[in-house]
Amino acid sequence: MKISIDISSDKIRIFGLDHPIFLERTGVDVELGKVLVNLDKEKNLTEILVLNGPGGFTNLRVGCLALNLLKTLKKGQLSFFSLSKIELYQHFYRKAWISRYGAIYIGQKSNVRLRDFEENKPISSVKKDQLSALSSEYKGLFVDQVYERDYFDEALPSLDYTFEQQGLSLHFKGETYHLPRADFAPQEVEMLHPNYMIEPNVN
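Numbers 20 to 222, taken from my numbering, label the letters of the sequence shown in order.
Any given hint could turn out to be false.
Stated by the list, open to error - The calculated label-pair distances, taken between Cβ atoms and stated as ranges, are:
1) Gly186 to Gln127: 27 to 33 Å
2) Val49 to Lys140: 25 to 31 Å
3) Ala201 to Gly46: 35 to 41 Å
Claimed, not checked - Simulated pairs of lysine to aspartate or glutamate, EDC-like, Cα-Cα distance not exceeding 20 Å:
4) Lys158 to Glu137
5) Lys94 to Glu66
6) Lys90 to Glu138
7) Lys21 to Asp37
8) Lys114 to Asp172
9) Lys146 to Glu167
10) Lys128 to Asp29
11) Lys128 to Asp59
12) Lys146 to Glu156
13) Lys30 to Asp169
14) Lys146 to Asp169
15) Lys94 to Glu138
16) Lys114 to Asp179
17) Lys93 to Glu43
18) Lys147 to Glu183
19) Lys93 to Asp59
20) Lys128 to Asp148
21) Lys158 to Glu138
22) Lys147 to Asp169
23) Lys158 to Glu194
Just so you know, these hints were derived from the structure itself, not from any lab.
Treat the numbers as computed from the prediction; the structure is a model and nothing was measured.
Beta carbons: idealized from backbone N, C-alpha and C, even for Gly.
With the hints as extra help, turn the sequences into a complete structure.
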C-alpha cells in the first residue's frame, strides 16, 4: 500500500488511509515507530511519500529515523519519495494558485520564515505576531499549513492541502485545486535525511 506522511508541520500526519492519523510532537519519538509498524502489519506498506522539511526539528528527526528503521525491518522492501514544502509550494506558485509571499512554519513557538516564491529565496525570520502588519508590505501574504488553528492569525489566508493516492488537493481562499503526482515528481531516495533547511540548535 502507498501512503504519504507530513513530518514538516506541528503534528505528524499520515495520509492515504480511511481516516488520517495525527501524532502530537510530545511523545512522537515513542509513538511514531509503533504506528508505522502496526500500519505495515495491517496494510503491507510498499511506498511512502514524505513531505520532508522545513519544519519542526523533532518531527523531522524522529520522522526520518522511524521511517528508515521501518525500511530496515522490511529488509529494504519499501520505497521512499522525498519532497520539501518549498518545492511543493513552488509548484503551487507556478500554477498561480498561491501568492508570491508566504510565512513558513519552522517548528519554533514564535518565529516563522518569510519566503519569496517568485524569486525562490528566503526573506528573513520574523515573529509570527508581526505577520498581520507585514501583510501590507508583502501583498497576499499567506501562512503555512499547520494543524493547531490558533498558531497563526486566522485573518491571514492559510494553505490547506491533502495528499491522495494520485496527487494532492489544495484548498486556498475558497478555491480547490488538484495537482497530479506526476506534476510534482518527488525524488526517490534510498534513505531519508531530515531536511531542516536551517541548522538546528543542538545546545
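Right, here's what the structure says about each hint:
For Gly186 paired with Gln127, a C-beta distance near 30 Å keeps the hint of 27 to 33 Å intact. For the pair Val49 and Lys140, the beta carbons lie near 38 Å from each other, so the given range of 25 to 31 Å is not met. Range check, Ala201 to Gly46: Cβ separation about 37 Å, and the 35 to 41 Å hint holds. Pair hint Lys158 plus Glu137 holds up; C-alpha atoms about 13 Å apart against a cutoff of 20 Å.
For the suggested pair Lys94 and Glu66, the alpha carbons sit about 14 Å apart, so the restraint of at most 20 Å is met. Note on Lys90 and Glu138: the hinted pairing is violated, with a Cα-Cα distance of about 37 Å set against a maximum of 20 Å. For the suggested pair Lys21 and Asp37, the alpha carbons sit about 13 Å apart, so the restraint of at most 20 Å is met. This hinted pair does not check out: Lys114 and Asp172 have alpha carbons roughly 26 Å apart, beyond 20 Å.
The straight-line distance between the Cα atoms of Lys146 and Glu167 is roughly 17 Å, inside the 20 Å bound, and the hint therefore holds. Taken as a hint, the Lys128 and Asp29 pair is honoured in the structure, with Cα atoms around 10 Å apart against an allowance of 20 Å. Pair hint Lys128 plus Asp59 does not hold up; C-alpha atoms about 33 Å apart against a cutoff of 20 Å. Restraint check for Lys146 and Glu156: the C-alpha separation of about 15 Å stays at or below 20 Å, so the hint holds.
A distance of roughly 14 Å separates the Cα atoms of Lys30 and Asp169; the hinted pair therefore holds under the 20 Å criterion. Restraint check for Lys146 and Asp169: the C-alpha separation of about 15 Å stays at or below 20 Å, so the hint holds. Proposed proximity of Lys94 and Glu138 is contradicted: the alpha carbons are some 42 Å apart, above 20 Å. Among the hinted pairs, Lys114 with Asp179 is consistent with the structure: their alpha-carbon atoms are about 16 Å apart, no more than 20 Å.
Restraint check for Lys93 and Glu43: not satisfied, since their Cα atoms lie roughly 26 Å apart, outside the 20 Å limit. With a CA separation close to 30 Å, the supplied pair Lys147 and Glu183 exceeds the 20 Å bound. This hinted pair checks out: Lys93 and Asp59 have alpha carbons roughly 9 Å apart, not beyond 20 Å. Proximity of Lys128 to Asp148 is assessed by CA-CA distance (about 11 Å); at most 20 Å being required, the pair is judged to hold.
Straight-line distance between C-alpha atoms of Lys158 and Glu138 comes to about 15 Å, which keeps the hinted pair within the 20 Å bound. As the CA atoms of Lys147 and Asp169 are separated by approximately 11 Å, the hinted pair is consistent with the 20 Å bound. Of the supplied pair hints, the one linking Lys158 and Glu194 holds, its CA atoms being roughly 19 Å apart against a limit of 20 Å.
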